[in-house]
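Enquirer: Could you put the whole structure together from the sequences, leaning on the hints where they help?
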Amino acid sequence: MTDSQFEKAVETYGDTIFRVAYSYLKNRSDAEDVMQETLLKLYQEDGRFESEEHRKRWLIRVAVNQCKSTLRSTWLRRTVPLEEQTDTPVFDRPEQSELFDQVMALPKNYRLVVYLYYYEGYQAREIAELTHRNLSTVQTWLMRARGQLQRSLKEAWSRNG
Amino acid sequence: MDRMLFQETFSQLHASDGAKQEVLQMTENRKHSRRRLAGAARVAGIAAAAMMALVVTAGAINVATDGAFLEGFTILWVGDKEFVAQNEAGDEVYMVSADDGIDFVTEEDGRLMLHADREIDITDALTENGSYHYEYEVTVSSEDGREDTEVFTVDVTGSTEEWTATQRNGIGVAVTITSENGEVSRDILVGAEAMDAEGAATDMESGGKSASVVEYQTAE
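Chains A and B supply the protein sequences, listed in that same order. Using the working numbering, the letters of the first sequence map in sequence onto residues 61 to 221. Using the working numbering, the letters of the second sequence map in sequence onto residues 399 to 618.
Source of the hints: derived by calculation from the structure; they are not laboratory data. Even glycine gets a Cβ: it sits at the ideal position worked out from N, Cα and C. There could be a bad hint or two in this list.
What the hints assert, rightly or not - Calculated lysine to aspartate or glutamate pairs in the EDC-like style (CA-CA distance at most 16 Å, straight line):
1) A/K101 <-> B/E420
2) A/K101 <-> B/E506
3) A/K128 <-> B/E505
4) A/K101 <-> B/E517
5) A/K101 <-> B/E426
6) A/K116 <-> A/D75
7) A/K116 <-> A/E189
8) A/K128 <-> B/D507
9) A/K68 <-> B/E420
10) A/K116 <-> B/D507
11) A/K86 <-> A/D75
12) A/K214 <-> A/E155
13) A/K101 <-> B/D507
14) A/K116 <-> A/E180
15) A/K128 <-> B/E506
16) A/K214 <-> B/D400
17) A/K101 <-> B/E505
18) A/K68 <-> A/E112
19) A/K116 <-> A/E105
20) A/K101 <-> A/D63
21) A/K68 <-> B/D415
22) A/K214 <-> A/E158
What the hints assert, rightly or not - If you want the ones that stay clear, here's a sample from chain B, every Cβ over 10 Å from chain A, calculated:
23) N527
24) E533
25) E560
Expert: The following block contains the structure:
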């Protein structure tokens, strides 16, 4: 892969990988580490992809594997409770902030499938392949995540008027 | 769930520019290796067999250094975790391995990859046959300037979850990598036993350096 190709890939996919990692790890520093490790693996791959979508899916799979390695690492900085994080983005509207908080309050597997479904637009079958999970597992997680989000968001929005 | 709201929200989550710049810089750094005269490191009396105490292939160098910079180089001298390579123009490169070992078989993104004179995805072959065999040639230069072409063989057996890979260089050194229950271990065999499929390790003295079985675990 040439330098300019790699630079373009960083620009195109850097945030995607970061968001996947952040949704899993809930931690900016770890998510950026995963982004860097994943992109470095891409750099070594030397272009064996059939299409951009193929490349993107490969990156997401690698990022998910990296996230799991990060969690297993003995140097892990364990998940910081949401209220202690100082690196959450500042949102334009309160409903965005509320949605982000409620998604981040989900268990990590739910957060990831929800992100891949609602943001990246992947179907359950594709998410199962990307995350090395059974289709039925992904479907169950999505269903439970939706249920939890609907309840928590309804509560939050009615609280805020 | 409002998909548009979800997308508006999460599109505001970005990696820092600093982190992206850093990874571009990392790829720049990987292209450069330490260059120095081998000098005192090129100690007379290190025999060819001792040089191969740590088996390093041209393919492994390319993998370790991320590629093109070391194309056309041949291995000149090999130490514990370091080696010197030289090209036809006489440029020398001194490399230090950042890892505990240089793996000729690695697991990447659920696939099993063999790093030899080229990268080969052996996942399907191993899944289907339970084994994989590959041979390739490596040019090795001795301290006395002699060049030999050695045939390296790689044999992988097992499954993609638990496998054993052995690389032999034909002159008495075999490196075995075993992956079991997610843990990877390595052994280096030196001597006549390394020529066989299995055997005990022997100690070998040559030019003041000795080579023996080395067993170590990855940091993971």
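Enquirer: Hint by hint, note whether the structure agrees.
Expert: Hint-by-hint comparison with the structure:
1. A/K101 <-> B/E420: holds (15 Å)
2. A/K101 <-> B/E506: holds (9 Å)
3. A/K128 <-> B/E505: Status holds; Cα separation ~15 Å.
4. A/K101 <-> B/E517: holds (14 Å)
5. A/K101 <-> B/E426: Within the cut-off at roughly 14 Å; holds.
6. A/K116 <-> A/D75: With a Cα-Cα distance of about 12 Å, the restraint between A/K116 and A/D75 holds, given a limit of 16 Å.
7. A/K116 <-> A/E189: Holds. A/K116 to A/E189 sits at ~13 Å (cutoff 16 Å).
8. A/K128 <-> B/D507: The given pair, whose Cα atoms are some 12 Å apart, holds under the 16 Å limit.
9. A/K68 <-> B/E420: holds (15 Å)
10. A/K116 <-> B/D507: holds (13 Å)
11. A/K86 <-> A/D75: Holds. A/K86 to A/D75 sits at ~15 Å (cutoff 16 Å).
12. A/K214 <-> A/E155: holds (11 Å)
13. A/K101 <-> B/D507: Roughly 10 Å separates the two Cα atoms, so the pair holds.
14. A/K116 <-> A/E180: At roughly 11 Å apart (the allowed maximum being 16 Å), A/E180 and A/K116 satisfy the hint.
15. A/K128 <-> B/E506: With a Cα-Cα distance of about 14 Å, the restraint between A/K128 and B/E506 holds, given a limit of 16 Å.
16. A/K214 <-> B/D400: It holds: about 12 Å lies between the C-alpha atoms, which stays within 16 Å.
17. A/K101 <-> B/E505: The hint holds at about 12 Å.
18. A/K68 <-> A/E112: Judged against 16 Å, a Cα distance of about 12 Å means the pair holds.
19. A/K116 <-> A/E105: Within the cut-off at roughly 13 Å; holds.
20. A/K101 <-> A/D63: Within the cut-off at roughly 14 Å; holds.
21. A/K68 <-> B/D415: At roughly 14 Å apart (the allowed maximum being 16 Å), B/D415 and A/K68 satisfy the hint.
22. A/K214 <-> A/E158: Distance of about 10 Å is within 16 Å: holds.
23. N527: B/N527 clear of chain A: closest Cβ-Cβ about 23 Å, beyond 10 Å.
24. E533: For B/E533, whose nearest Cβ neighbour in chain A is about 23 Å away, the distance exceeds 10 Å, so it holds.
25. E560: B/E560 is indeed farther than 10 Å from all Cβ atoms of chain A, at 17 Å.
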